[in-house]
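*Asks:* In case you want the letters, here they are:
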Amino acid sequence: MSLKVALFGITREIVGTSVIELPAPAPTTVGELLAEMRRQYPALGELRSCAVAVNNEYASADMPLHTVDEIALIPPVAGG
Amino acid sequence: MTPTLSITDQPIDIAAALAAVQTDAAGAVNSFIGTVRNQSGGRPVRRLHYESYDSMALTQLGHVVAQAYEKWPMLQEVAVVHRKGTLELGDVAVVVAVATPHRAESFAACQFIIDTLKQVVTIWKREEYEDGTEWVAAHP
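Line order of the protein sequences matches chains A and B. For the first sequence, our numbering gives the first residue as 1, with consecutive numbering after it. For the second sequence, our numbering gives the first residue as 1001, with consecutive numbering after it.
Just to be clear, a hint being listed does not mean it is correct.
To be verified - Quick list of simulated restraints, FRET-style, between CB atoms:
| hint | chain 1 | residue 1 | chain 2 | residue 2 | range |
| --- | --- | --- | --- | --- | --- |
| 1 | B | R1047 | A | P42 | 26 to 34 Å |
| 2 | B | T1008 | A | T28 | 35 to 43 Å |
| 3 | A | P25 | B | L1018 | 16 to 24 Å |
No lab work stands behind these hints: they were computed from the structure. No residue lacks a Cβ here, since even glycine has one placed at the ideal position from N, Cα and C.
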């Protein structure tokens, strides 16, 4: 199973692309995904926070991931 | 009672946002207008760049407004418009407008929506200074 992860704001700048594809065997949970992303891009670990969204909702660490999911990293938001 | 929610790369029409919440059932319309300020923490700001994850931003905005309807059942109409892209000093970044029967709930609901929006809606702000740029709130 592979995953595509959308990147926004500072996470897009850190990774250098707006979508990254993680080839099989990809992480199977939100927690594993964050750990893998931080391993590949240590600067992600320096952010104040970094959440994961699955299908437009904030996801907890134990949420399972599927190839069809719309997955995104969510660095600290700053609207308004 | 369907809220008017949008993310736009065009200048925000404040009058249209206010008109969107007009209803004969409301005696109070309250609005918050967020604009681009010329400094941040004492550092001069030249302009702002907003980036949005539109589909999630609208989903989360819908949740925020639904929470407001739960907290203030008398809430009539709501409009929230957020700008994205490059904004100059004085430009309008966000408008929140609510209509309620009486004024007290209109202030409270309007403040709740803008405060919660800032916590959960997937929009990011990069401040541009004379000597560089920085993503707001990204680092501790």
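*Asks:* Hint by hint, note whether the structure agrees.
*Replies:* Hint check:
1. B:R1047 - A:P42: 26 to 34 Å: holds (31 Å)
2. B:T1008 - A:T28: 35 to 43 Å: holds (38 Å)
3. A:P25 - B:L1018: 16 to 24 Å: violated (53 Å)
Hint 3 from the list above is the single one not met by this structure.
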